[in-house]
Amino acid sequence: MLSPINISMESLNLMTLAPMLIPVVGALLILVIDIVKGGLHKSLYVVLSLLFLVMDFVAIANASGIFMTNGTTLGVFDVMLIDGLAILAQFVIVGASMLFIPLAMTHKRFHEFSYPEFFALFLFMIAGFQFMVATDNLILVFVGLETSSLALYTLIAMHNRDKSFEAAVKYFTMGALAAGFFSFGAMIFYALTGSVEINKIALVLAANGYADIGFVLVGVAFFLAAFGFKLSLIPFHTWAPDVYEGASASMAGYMSIVPKIAAFVVAMRFFEFLVHSGIVWLDVVLYIVVVVTMTASNMWALVQTDVKRMLAYSSISHAGFVMAAILIGTTQANSALFLYWILFSFTNLGSFSMLWMSRQKHLPDHQSSDHSYDKFAGMIKTAPVAALIMGLFMLSLAGVPPFALFWGKLYMISSAVTGGYTILALIMALNSAIAGYYYLKLIVYMFMKEPVVANGGEVYVTNATLALKTIIGIAAMGTIFAFVAINPLLEFITAFVYNSGY
Amino acid sequence: MEKYLYIALFAPFVSSLFSALFTATPKKLFTGIIASLLIFTSLVSSTILLIYLFKGGEPIHVEMMTWMATGDLYIPFGFLVDQVSVTMMMVVTLVSTVVHVYAIGYMDHDKGFNRFFSWLSAFVFSMMILVMSDNYAGLFIGWEGVGLCSWGLIGFWFHKESASWAANEAFIMNRIADLGMLIGIFLIYWNTGTLQYDGAFAAFHTLDPTTLTWIGIFLFIGAMGKSAQFPLHTWLADAMEGPTPVSALIHAATMVTAGVYLVIRSNELYSLIPDVGLFIASLGTFVALFAASMALVNRDMKRIIAYSTLSQLGYMFAAAGLGAYWVALFHLMAHAFFKALLFLGAGNVMHAMHDELDPFKMGGLKKVMKWTWIMMTIASLALAGIFPFAGFFSKDTILEAAFADHHYVIYGVLLFTAGLTAFYSFRLVALIFHGEERYKLFGIHPHEAYRFMLVAMSPLLLFAIIAGVFQEPFFHMVEELLRAHEYHIHSHTTLWIMLLGTQIFVGLAILYAYKKYARSGIKVPDGTSATENSFIYKLLINQYYIPYFYEEYIIRPYRELSAVFWQKIDIKIVDATVDGIAGIIYSTGEKTRTMQSGNLSTMLKWMVVGLVVLLSLAVIFGVTVRYSDGAASALSGLGVM
Amino acid sequence: MEIGLNHYLVLSTILFAIGLVGVMKRKNLLLLFFATEILLNAVNIAFAAISHYYGDLTGQMFAFFVIAIAASEVAVGLGLLIVWFKRHGTIDLDLMTSMKG
Amino acid sequence: MLDHILSILIFFPAIAAVFGFAVQKDSMRAYGVAVSAIEFALALFLWYAFDNSVSGMQFMEHLPLVPAFGINYTLGVDGISVFIIILAAFFTLLGIGSLTDTPNVKYMIITLLFLQMTMAGVFAALDAIVFYVFWELSLVPMLYIIGAWGGPLRIYASIKFFLYTFAGSLVMLVGMLFMAYFYYQATGYWSFALLDWYRLVLPETFQLWLFVAFFFGFAIKVPMFPFHTWLPYAHGQAPTIGSVILAAILLKMGTYAFVRFSLPLFPDAAAYFMMPIAILAIIMVIYTAMVAYAQKDIKQVVAYSSISHMGIIILGTFALNVEGISGSIFLMLGHGVVAGALFLLVGVIYDRRHTKLMSEFGGLAHVMPRYATIFGIMMMASVGLPLTINFVGEFLSLLGFYQQSHILTLLAGTGIIVGAIYMLAAYKKAFFGDVTNEKNKNLPDINKRELFGLIPLVIVAIWLGVYPKPVLGPINKSVESIVQLMHNKSQTELAKSRIPDLTKEKVVVIKKTVIEEEVH
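Chains as they are written, first to last, in my numbering: chain A, 1 to 502; chain B, 503 to 1143; chain C, 1144 to 1244; chain D, 1245 to 1764.
Don't take each hint at face value.
[As the list claims (entries may be wrong)] Here are the simulated lysine-lysine pairs, BS3-like style, with alpha carbons at most 27 Å apart:
#: 1; chain 1: B; residue 1: LYS1093; chain 2: C; residue 2: LYS1168
#: 2; chain 1: D; residue 1: LYS1672; chain 2: B; residue 2: LYS613
#: 3; chain 1: D; residue 1: LYS1350; chain 2: A; residue 2: LYS449
[Unchecked claim] Covered stretches of chain D (chain A as the covering partner; in silico rule of three or more C-beta atoms under 8 Å from a C-beta of chain A):
#: 4; region: 1300 to 1313
#: 5; region: 1372 to 1382
#: 6; region: 1402 to 1409
#: 7; region: 1555 to 1568
#: 8; region: 1651 to 1659
[As the list claims (entries may be wrong)] Some but not every residue of chain B turned toward chain D, in silico, with C-beta under 7 Å:
#: 9; residue: THR527
#: 10; residue: THR568
#: 11; residue: GLY573
#: 12; residue: TYR576
#: 13; residue: ARG677
#: 14; residue: TRP692
#: 15; residue: VAL1080
#: 16; residue: GLY1082
Derived by calculation from the structure, the hints in this document are not laboratory data. These numbers come from a predicted model, not from an experiment. Yeah, the Cβ is synthetic: ideal placement off N, Cα and C, and Gly gets one too.
One chain only, chain A, in its complex shape (with noise of 0.2 Å):
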C-alpha cells in the first residue's frame, strides 16, 4: 500500500525552475509562431530571443538576490541547486548568449538564421546548459549536457557548409563516445556510492576513507575523459579546431565560451571534493592535462594560417590556462576562473564577431580560407578603426594590460601562487609569452603589410549592420574599460563563490 505523495509546493521550491523554463518557453513560443505563419524576417526572432534572454537574466538576477539573503537554495526533490556557482555560470550563459544573439543581423543572408527553429533551438540549449549548472545530481547534468549538446550540433550544422556538416559530423560522433564515458563514469560512482548526487557521493567517500581508491580514479578518469572532450582538454580536443572551423565565426566565438563555462562549473563541482582529500594522482593528472594542454595548443596556434583556426586553438590553450584553478582549488582561483572567463567572453565574443563580420558569402580566388591572414594585410590603410579594434582584441587576448583578460590572468597567475604553485605560475607565464606570438602575427598583418590584393576594406565590413556593430562596440569597451569594473566584479564573484563553500 504505497501512501499518498505527499509534498507541499513550497519543498518543491519551483521558483529554482524559472531561468531554465523561461527560454523553454520562449523556444516553444518560437516554434508555435512559426507554426501560425511561416516565412516572417529573422528579425522577429532575433528579438524575441533577446526578450526571452532579457527576462531570463532578469530572473537570474532575482535569484542572486536570493542568494544574497538567503544562502544556497535547493528546489524540486532537491534536484536543484540554486548556488553561487549556479548563478554566476548563468549569468556568464545568458549574458554572452545575449552578446551573440543579435550577431544574426547580418547585412548578407545566411542560411541558418532564416529557419526560426535555429532560435528554439537555441534557446533550448541555453536551457540545457541552465540546468547543468544548476544541480549537483548527476542524472540531471547528463541530461542538460545532452541537450545542449544535441542542439548545438544542430546549429552548427545548419550553417550548411560542407565544412560545417563535417563539423557537426566530428562533434557529434564524439560527444557520443564523451556521453558514454560520462554515463559509465557515473556508473561507477554509484555502484561505489549508491549516489548520484555529487554532495552525497562526496561525503560516502570520505565516510570510508576512499577505500577504494583504485575505482574512484577509474570513476575520475571516465569522468575527465568526458570533461576533457568538453573543456577541449588535450588529448580530448581534437574535435575543437575543426568544430571551429566549420562552424560560422559567431558560433565558433559562442562555442568557445557557453560549453566550456557550464563544463567548467560542473568540473569544479566534481574535482572540488576529490582535489581537497588529497588524491595525489589527481593532482598530478590534473597538472599534466593542464601544462600540456596550454603549452600544446599554443604551438599548433603558431602554425596556423587562418586567423579563426588560430583562435580555435588559442581557445583551447585559455580553457587549459582556467583549468588550473580546478587544480588550484581554492577560492581564489575559483574566482579567479569565473572572473578570467567573463572578461574572456567579451574579448573573444568580440574578436570571433570581427571574423563574422568580415565572412564573405563566396570565397574570392586569392583567399585559401574565409579568414585567413593574408586577407587582413594591410587593414589598417583601409579599415582604420576596424583593424584597431581587432588589435585590440589580439592584445587582450595575449594578455597585455590594461586590457580585459590582463586582469584574469593577473588573478589567475595570483591564485597559482598562492596556492603555491610556484612552477605553475611560471609556466603560465611563460605560455602567455609564447601565446603573444601568434596575436602579435595578426596585428603584425593588419598594420605593417601590405594589402595582398588591393580592396576598399569593405571586405572586413561586409557583414556590418548597426546590431554588429553595437555587439562589437560592447565587447571593445569592456575589453578597455575592464579595469573599471574589475573590483565590483571580484567582491560579487568573490562572495558568491565564497558562499558556495568553494
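Given the coordinates of chain A, assemble chains B, C and D onto it according to the supplied hints.
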C-alpha cells in the same frame, strides 16, 4: 687678485668660443688677432699673479661653484693659484701667446684658420683648468680637455689618413692612462673622503704605505700617458702629424708636461713613498736614454724634436722621482721655452721647404733663413745644456740631484744621454742649415718666415737664453711649497769637475755632430749604406719595433677579436640561442600538428587513448597505493602539492 | 553458479570495451553510431544491476534517461548522416578530412 | 592642478592622441608639436613645483582601482623619477618637432603621443600593477613604430623586441604577485603599493628568488648581456624617431626599475648578487664595446654603445652606495640625451643617403661641417669627456662601485678606453679623410628642422655636464633615503657591510682600504 685669476682662466675660453663662431666661414684674420690678444690678456693676468706671489703674497684659493655633490662626495670648481701653479700658468700662457701669434702667419693659407684658433684657445683653457684646479677631479677635467684638444689639433688636417689615425691613437693612448688616473682618484676618495688637494694631502699622512703606493702608482700611470712615458710613448711621435704650432705648444711645452706637473703637484704623496719615486726616476731615466737613442737616426725633423721632448720629459721625471720637485718644475719651464722655440723654428723650415721634413733633403739653409738658424742653434744649445743657456741650469741641477742622492746609475745614464742629446740636436742643425744646399735637387725655393712670426718667437729666444738667471729666485719662491732643498755636492772640487766634465762631454758631442753632418757630400740615404743595414740602425729607425709590436699584437688581435665577438659569439651563439628557443617551439608545433589529421577515426582513437592512459595511470596508482605507502610520498615529493 | 552483481558489471565493462573498439575501428558512420549505442547500453545494464543491488531506484531512472538521450542522439545523428550522404554519396569516415592541421 | 599634475602629464597626451584622429593629415605635425610642447611645459612646471628639499614622494595621487586585490592607482615622483619624466616629455617634443618626412605621419604622431603616456606612467607609478600596466603598454606603440616604419627586417625586429620583453616581464609579474602575496601573509591585506612593500622585510631566500624573477623583466629591458640581442635588431630596423625614444627613455625603464624595485625591496639579495651582476655589467661594457667596434653600420655602433653604457649604469646601481646610485641615475639621463642625439644624428645622414654603412661615407666633415661638429660634440659626450653630461654619471657610477671592488672597477673602467676606440674609429671612417664617394659631394648640411632637435640636446649635454647640481641634488636626496632604507632593511652581514649606513656621523673616517682586502 681673484679678478686676475678669473681673467687668466677665462680669457682663453672666450677666445675659443669667439673663434668657434666662425668655424664654418672662410678665413677671418681678426679671429687670429683677437684670439692672440685674449691669450695675451691671460698672460698679463698670470704675470700679475706671479708678481703678487713672488712678492710673498698668499696663494689664492677660490671656489667658483659646486660641480658634483652626492653622498659624501663634494667636488667644486675650485681654483688655486700658488707658486707651483702660477709657474705653470706663466709657461702655458707665454708659450701659447707666442704660438698664437706665430700661427697667424703659419696657418695663413689654411682653410681651417678660424677652426684652428678655436681649438688652440680651447687647449689653453683646458690647460689652465688643469694647472689651476684645486682638486683632482678638476685636474682631470683639464686632463681630458687637453686630450680632446690634442685630438682635434693632431687631426686638424683630417683629410689625411695618417693625421686622423694619429689623432685617434693619441686620444686612445691617453685614455688608457686616464683610466689609471681615474682609479687613482677613486682610491684617494675612498681613502681620504675628499678630492681637494689640501684635504687629501693632510689625510695622506694617516694612510698606510700600501694604499699610498697604490695611489701613487695609479696616478703615475695617468702621468705616463699624458707625458708619453714608455710604454705609452708611441703616440707622441705620431702626433707630429698636427700643424707645427700645435707640436710646439702641446707636444713640447705644455700638455706633455702635465704628467710631470701631476707628480710635482702630488709631491706630498710621492715624498711619502720613495720606492715609487725611485721607480719613476728609473723609468724617467730609461725613457731619456731610450728616446734619445731613437732620435739619433730618425730622418723626420719633427720626430727628432719629438723624441728629444720625450727624452727631456724623462729627465723631468727622473728629477721628480728623486724628490727634486722644484728642479723638475724648473726644467719643465726652461724646456718649454727652448723646445717651443725649436719647434717653431722647425715650422719655419717646413714652411720654407714646402712641408718637407727630411733634413737630409735640406742643407745650407742658413743663408736664406738666417734668423731661424740663429734661433734654432741657440735653442739647441740650450737643449744640450751649454752654459749659459737655460738648459744648463736646469739639466745640470738634475744631474747634481741624482749624484747627490747617490743614484750613480741614474746619474751616469743621464749624463750619457746629455751627450746623445747634444749629438742629435746638432745633427739636425747641421743637416738643415749647414753643408751643401741639397734642397735644390728637389726644386724648392725656400724663404724666411714672416717678420712678425720671428718677432713673436723672440720672447722664447730671450727666455731660452736667460732663463737660468731665474733659478735662484724660482727656488726661493717654490721652496716652501715643494719642501725644496738646494742640491750641493759637498765637495766643491767634485762639483767643478762634474760641471766642466759635462760641458766638455757635451761640447765634444756637438763637435762630432758638426763634423759628421755639416760637411759636404752628405747624401740622401737610400737604404744601401752599411750603417743603414746594421742591426742597431734598423732597431732605432723602427723605434725598437714597438709600433710594429702594438699593431701586430694588440691592435690587430683586438680588431679580429671584435669581429669574432660580433659574428661568432653575438650572432652565432647569443642571438642564435634566443632564436633557437623560439625555433624549437615553432618547429615542435609544426611537427606535432599532424596529430590533428582531420580523420574522425583518428580523433576518436585519441580520445580512447587518452582514456586508456588515464585508466592505466589510475590502476597503477591504485595498485601502488594499496601495496606501498612509499610511492605516495614519492609522488607528493614531485612538488605537486 | 549464482549470477551476482559482479557478473553484470563485468558484462557491462566487456560490452563497453567492445563499444570502444567499435568506435575506433569502424569506418562506416552508421556502424560507428551503433558502436556508441553499445557504449550507452552497456552502461544501462550496469545501472540496472546496481540499482537492483542497492534497492534504489535512482539507477533505473538514470538508465531511462540514458535510453531517452540515446534515442534523441540517434535522431540527430541520423539526420546529419542523411544530409551528408545526400551531398557526398558516401558515409565513409576517411573521406571526411577537409579540415586538419 | 598640482594635486593631479602627474595624472595630467600621463593622460593629456593620450587624450590628445585620440583627438588627433580628427586632425587633418597636413596639420598633424603642428598639432603634434603643440601637444608635446604643452606636455613638456607641464613637465617643466612639475620641476618648478618640485620641492628639492624633500627626499620622499611628491605629488602623490591615490585612487582605488581594485581595492579588493590591493591594486590602487597610486602615483608620485621623487628626485629619481622626476627628471626621467621631464626627459621623456623633452624627447617627445624634440622627436615630433624634428620628425622628417614620413609616410602616414599622422599615425606616427598619434603613436608617439601614446608612447609618451606610457613613459610618463611608468616613471610616475607607485603601484606595482600600474607600473606593470604602463610598462607593458609601452611595448605596443614601439612595436608599431618599428614594425610599420622600419627597415626591411622590421617585422622580425619588432616581434623579437615585443616577445622578448614581454616574456621577461611576465616572469617579473609572477614575482610581483609573490611579493603581494607575502605582503598579504604578513599583514592580511593585499597590496601592490610600492611604499607598502618598502616596509616589508623578507627572509633572504625569498629575496633571492624574487630578485631573480624581477631581474628577468628588468635585465631584458635594459638590456643586459646575454639578453641584449633584440636591441641591435630593434635599433637597426627602427626609424630614427623610434631609435631615439627607445634609447633615450625606454631602456631606462629597466635600470630605473632596478633602483625602484630590486634595491629597496631586496637589499640582501642585491648585496648577494652584486658581484655576478657586476660581472655581467662588465661583460656588457667591454664585450659590446668590442662588438660595436666590429660594426659596419653606424647605427649599430650607436646601438651597441647603448648596451655598453647601460653596463656602467648597472654597475653604478649595484654599487649600493649613494655615489654609485646617484651616478647611475644621472647617467640614465645623460645616456638618454646623448644616445638620443646620436640616433637623431644618424637619422640625418640616413635621410640624405638612405644608407647607414660607414664605408659609404668618409670625409663628411668637408661637406657637412656643422653636422660634423654636432656629431663630434655628442661623440665626445658619449665617450664621457668631463664637462659633458655623461662624465658626471660615469664618474660617479665607477667611483661608487670602487668602494665594492677594486679589480672589477678597473675592468669596467676599460670601458672608457674601448668606448673611445669604437666611437673614434666610427667618426674617423665617416667624417675624416677625403670625400671619395661621388654621392656625398653635394650633401646639404644640417637643416633647421634637424637643428631644432639637436641644439637643445647639445645645450643640455653641456649644461648638465658643467652644472649638474640642479638635477644631482634632488637625485642625491632621494637616493640617500633609499640607501638608508636598504641598510635598515638588510639582515645579512654581507648586505650590512656592502650597504653603507648614512646615519653614522659624517667624519672623514679612514676606511679600511679596499685594495688591501683584495690583495690579501
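Whether chain A covers the region 1555 to 1568 of chain D (at least 3 residues having a Cβ closer than 8 Å to its Cβ atoms): violated (count 0)
Status of the VAL1080 of chain B interface restraint (C-beta, 7 Å, chain D): 6 Å, holds
Supplied contact hint for TRP692 of chain B, tested at 7 Å Cβ to chain D: Because about 5 Å separates TRP692 of chain B from the closest Cβ in chain D, which is inside the 7 Å limit, the hint holds.
TYR576 of chain B as chain D interface residue, shortest Cβ-Cβ below 7 Å: 11 Å, violated
Given pair status - LYS1168 of chain C, LYS1093 of chain B, alpha carbons within 27 Å: 26 Å, holds
Pairwise hint evaluation, LYS449 of chain A against LYS1350 of chain D, where the allowed Cα distance is 27 Å at most: OK: LYS1350 of chain D and LYS449 of chain A at ~18 Å, within 27 Å.
Interface restraint verdict for THR527 of chain B against chain D (beta-carbon cut-off 7 Å): At 10 Å from the nearest chain D Cβ, THR527 of chain B fails the 7 Å test, so the hint is violated.
Restraint check, 7 Å cut-off on beta carbons, for THR568 of chain B near chain D: Result: holds, 5 Å to nearest chain D Cβ.
Outcome, coverage of the region 1651 to 1659 of chain D by chain A - at least 3 residues whose beta-carbon is closer than 8 Å to one in that chain: violated (count 0)
Hinted contact GLY1082 of chain B with chain D - closest CB pair below 7 Å: 12 Å, violated
8 Å C-beta criterion, at least three residues: is the region 1402 to 1409 of chain D covered by chain A: That given contact holds, which follows from 4 residues of the region 1402 to 1409 of chain D lying within Cβ reach (below 8 Å) of chain A.
Within 8 Å of chain A (C-beta), three or more residues of the region 1372 to 1382 of chain D: As far as the region 1372 to 1382 of chain D goes, the hint holds, because 5 residues have Cβ atoms under 8 Å from chain A.
Checked against the numbered hints given earlier, this structure breaks hints 7, 8, 9, 12, 16; the rest are met.
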